[in-house]
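Take the sequences, apply the hints, and build the full model.
Chains as they are written, first to last, in full-length UniProt numbering: chain A, 1 to 455; chain B, 1 to 293.
Hints were generated in silico from the structure; no laboratory data involved.
Be a bit skeptical, because a hint or two may be false.
Partner residues are not named here, just some residues of chain B that face chain A (Cβ under 8 Å, in silico) [to be verified]:
no. : residue
1   : Lys-22
2   : Glu-23
3   : Thr-26
4   : Leu-34
5   : Tyr-83
6   : Leu-87
7   : Gly-179
8   : Thr-180
9   : Asp-182
10  : Glu-185
11  : Leu-192
12  : Phe-193
13  : Lys-211
14  : Asp-234
15  : Lys-237
Every value quoted in this text rests on a predicted model; they were computed, and no experiment measured them.
Just so you know, even glycine gets a beta-carbon here, dropped at the ideal spot from N, CA and C.
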Amino acid sequence: MNDQLLAFVDVLREGNVKVSQAEVVDAYGALPLIDVMDRSEFRETLAATLIKDVKHRALFDRLFDVFFPLGPTNAEESEFVNDPEHTPSSEDLADELREQIVDALLENDLLALRLALRRAVTRFAGIEKGRPVGGVYYTYRTLRQIDLEEVLKGFLYGLSFGEDTTVERDRTKATEGVSRLIRSEVESEVLRRLVGDRGSRAVAKTLALKLPEDVDIVHASKDELEALHKVMEPLARKLASRLAQRHISQRDASLDFRRTVREAMSYGGTPARVYFRKPKVSKPEVVLLSDISGSVASFARFTMQLLYAMTNAFSKIRSFVFIDTVDEVTKYFSGGESIQGALLQVTTKAKVVGLDGHSDYGNSLSVFEERYLEAITKRTTVIVCGDARNNYHPPQEEVLGRIKDRAKKVFWLNPEPKSYWNSGDSVVSIYGQFCDGVFECRTLRQLEEFVVRGV
Amino acid sequence: MKFDSISSVEDQLRANGYLPNKEIATVVYLAARLEKPVLIEGPAGTGKTELAKTVAAMTAMDLIRLQCYEGLDESKALYEWNYRKQLLRIQATKDVAGEANWDLLSEDIFSEEYLLERPLLRALRTPRQSVLLIDEVDRLEVEAEALLLEVLSDFQVSIPELGTVAPKQIPLVFLTSNGTRDLSEALKRRCLFLYIDYPDIEREKEIIDTKITGVEEALARQIAEFVSGLRALDIKKKPSISETLDWAASLLEMGVGSLDKDIKRETLSILLKYRSDIHAVRKHLDSKGRGIG
Numbered sequence: 001m002n003d004q005l006l007a008f009v010d011v012l013r014e015g016n017v018k019v020s021q022a023e024v025v026d027a028y029g030a031l032p033l034i035d036v037m038d039r040s041e042f043r044e045t046l047a048a049t050l051i052k053d054v055k056h057r058a059l060f061d062r063l064f065d066v067f068f069p070l071g072p073t074n075a076e077e078s079e080f081v082n083d084p085e086h087t088p089s090s091e092d093l094a095d096e097l098r099e100q101i102v103d104a105l106l107e108n109d110l111l112a113l114r115l116a117l118r119r120a121v122t123r124f125a126g127i128e129k130g131r132p133v134g135g136v137y138y139t140y141r142t143l144r145q146i147d148l149e150e151v152l153k154g155f156l157y158g159l160s161f162g163e164d165t166t167v168e169r170d171r172t173k174a175t176e177g178v179s180r181l182i183r184s185e186v187e188s189e190v191l192r193r194l195v196g197d198r199g200s201r202a203v204a205k206t207l208a209l210k211l212p213e214d215v216d217i218v219h220a221s222k223d224e225l226e227a228l229h230k231v232m233e234p235l236a237r238k239l240a241s242r243l244a245q246r247h248i249s250q251r252d253a254s255l256d257f258r259r260t261v262r263e264a265m266s267y268g269g270t271p272a273r274v275y276f277r278k279p280k281v282s283k284p285e286v287v288l289l290s291d292i293s294g295s296v297a298s299f300a301r302f303t304m305q306l307l308y309a310m311t312n313a314f315s316k317i318r319s320f321v322f323i324d325t326v327d328e329v330t331k332y333f334s335g336g337e338s339i340q341g342a343l344l345q346v347t348t349k350a351k352v353v354g355l356d357g358h359s360d361y362g363n364s365l366s367v368f369e370e371r372y373l374e375a376i377t378k379r380t381t382v383i384v385c386g387d388a389r390n391n392y393h394p395p396q397e398e399v400l401g402r403i404k405d406r407a408k409k410v411f412w413l414n415p416e417p418k419s420y421w422n423s424g425d426s427v428v429s430i431y432g433q434f435c436d437g438v439f440e441c442r443t444l445r446q447l448e449e450f451v452v453r454g455v
Numbered sequence: 001m002k003f004d005s006i007s008s009v010e011d012q013l014r015a016n017g018y019l020p021n022k023e024i025a026t027v028v029y030l031a032a033r034l035e036k037p038v039l040i041e042g043p044a045g046t047g048k049t050e051l052a053k054t055v056a057a058m059t060a061m062d063l064i065r066l067q068c069y070e071g072l073d074e075s076k077a078l079y080e081w082n083y084r085k086q087l088l089r090i091q092a093t094k095d096v097a098g099e100a101n102w103d104l105l106s107e108d109i110f111s112e113e114y115l116l117e118r119p120l121l122r123a124l125r126t127p128r129q130s131v132l133l134i135d136e137v138d139r140l141e142v143e144a145e146a147l148l149l150e151v152l153s154d155f156q157v158s159i160p161e162l163g164t165v166a167p168k169q170i171p172l173v174f175l176t177s178n179g180t181r182d183l184s185e186a187l188k189r190r191c192l193f194l195y196i197d198y199p200d201i202e203r204e205k206e207i208i209d210t211k212i213t214g215v216e217e218a219l220a221r222q223i224a225e226f227v228s229g230l231r232a233l234d235i236k237k238k239p240s241i242s243e244t245l246d247w248a249a250s251l252l253e254m255g256v257g258s259l260d261k262d263i264k265r266e267t268l269s270i271l272l273k274y275r276s277d278i279h280a281v282r283k284h285l286d287s288k289g290r291g292i293g
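Below, the structure written as C-alpha cells:
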C-alpha cells in the first residue's frame, strides 16, 4: 500500500496537482490514526492532506478509484460467477439481473445492486485482457444489455405499488438519480477490472484525466465542458478581485494629512503613526472582438463568459462578434438575463453573416472600423479572439493598425496550438505585428494567465 | 484530547446541533490529532464559521476569533506595544532621575507589562487550550498572509524585543475562506483542507428537521429539494443554509403544509436577494410548471 500511495501522488503530480513533500508526510502521519479499511475515511484523509484546492478534487476522486478500487470480489459474488450449472442464455440472464436490480433499487440495497451489476459486467462487458482502453465501450455494452430504460420502467412501476406514498417524489428526479447511480456503479466496476488487469498506473495513463483548467476548450467533451463551467464562476470572482488589488497597489498612496495630525494629538503632538488616503481604483475598459464561426465558437463563448462574469473588474465592457461581418452584442449581456441566456441570444440573434458564412477577418475589421470605431478610446484594451483563419480573403491588416493607434493595448487570443499558426489560411502573424501580444489560448489556465498579465 | 475516533467527533458535533458529513468529521478529528490547522473553503453560508464555534462549544474551549480584512496588520493580529503607557512611563522617569537610567528604562518599557496581546498571541498564551478562528482569511493581502505562517506551522511568535514566545498549549485552529482569491501555497501546505459545499438534499432536510421544530418531514423534503434545484440554476446569489432555514420558519409561521407553485412564487424573496434572480426563477416556475422541486 505504501508504494501504491506514492504512485498515486506521482500521478496526481503528473496531472498538474501540486503535492509537496510535506503534504505526503502529513498523509502518512494521518494513516495510523484512522481505520484505513474504511474506504471513505481513507479517501477523506488523503483528500484533506494532499488536496488543497477544490478544483482538484474531481481529478483526485477519479484517480483514487483507479488506485484504490473497491475491495476484491467477495465470496457471494464468485458463487454466482463460477457456477457451471447455472449458465443461462444472455437474454435470460439479462432479464434475471434486471429483476434483481429493480428489487435492489426498491429496497435501497446497495450491496445487492452492486452484486447484480458485477455479474452484468462479467457477462456483458466482454472485457479483453491487456487492451489499453479506458473502458467507456465496456460500460456502454453492459448498460445496453441490461437496458436501462427497462430498469427505470420497472423501478417506477414498483414505486407506485410501494408503501412510500407519504413522500410525493418527483419522478424525473428519481429516475435521473437511479440512472446516474447505475451508470457510476458499472463504470467503477469496469474500472476495477481494468486496474486488476493492467495495474493502476497504466489505466490512469489511458484515462488521460486532466484538471478542468487544462482541458482543450475547443475539443472538450460534454463532461469536460460541464466541469469547466463549474470552475468558471469562482475563477471569475478570483480574477476580478485580483485585478482590483493590482490596480490599487500600482498607485502610490498619498498622505492623509488631516487624519495623521488628528491622531498625533493623542501622543502629545508627535505623529506616532502616519495615515494614508485610500487610493482610487482605476479599472480598465475592454472591447472584446470574437470570431464565432463554427471552429472556434466554443472558445469565443468561454471568453465572453469569463469576462462577463468578472464585469465588476472593468469600468466598461463592450463586445462584438463576427464571422464575415460584425455585430455588437453588448446589449444582450446588460439586461437581467443570465450569462447563459445572453450567450444563447448572441448565437441566435447576432447578424454576423453577410455573404457566405466563412470567416472573413479583413471584412469584419473594416466594418468594425466603419461602424464602431468610437468604441475605442485611449483607455480601451482591445481583445481579439480567433484563429485568424481567413479563408484566403484579404486580411486588411492596416485596419487593425489604425485600431491599435487609437487603443491603449491590442491583444490577440488564438485558440489553436502554436504549431498550427500561419499554416494554410492562418494569417495570425500578419495581424500579430499590430498587436501588443498574441497568445496561444487553448485552456482555461492559459486564459486565466492572460487575464492576470494582460488586461 | 477528547476525540478518540471519527465517529465520536461525528456524534459530538451532532449532539451540539451541527450536522456533519463524513468529510467534516474526518478533518476535525485529524486536525485535533495531528495538531494541524484546518483551512475551510466553500460558498458563503454553508456553516464554515459555525463549525469552529461548535467545536469550541462541544469541547468547552474558549473561542478566540480573528476577523480578517484588507489592511489587517501585525498590531491587530499579533501584538502591539502600549504606546501611551510607554510614553507615560518615560515621562514619569524623566522627572525623577535623568539620562543615566536609559538602559534600565528601555528594558523596562519593552517588558510584558507594556505588551498588548492580539488574538494570535493570545491563543498561544492562554493556559487552557483554545479554538482559534481566523475568519475570511482570503480578505488579507498576500503580504499579510505571511503574518500567519509562523503561528500556523510552529505555533510561536517572534517579538524582536522579547524573543520567541513559546506556546503554552497548541490551539485548535480553523481558517475560513470564501475563495475570493487563491491563498499562498505556503499557507495551504501547512493546513488540512476542507471544502464545505451546499448540503445535499438529505443533509439539508436533516438540518431543517433539527433547527426548526415542527416542520413536517414531507415539507422539509420539499423545501430541501426546491432549494437544491434553485442552486443548480444560473443565478447571482444562491440561497445559503440560513436562508433555507428562514424560509422554512416562515412557511411554518404561515401554516403551509405543502409547497405549491403559488406559495413558492410569493415567498421567493426570502430565499433570493436579487430582483433579477427572483424574476428569473418566477419565469422558470411559470414555464416549467412543476419543473424544479
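Inset, instruction - Could you tell me which of the hints above the structure violates, numbers in ascending order? - result: 13 and 15
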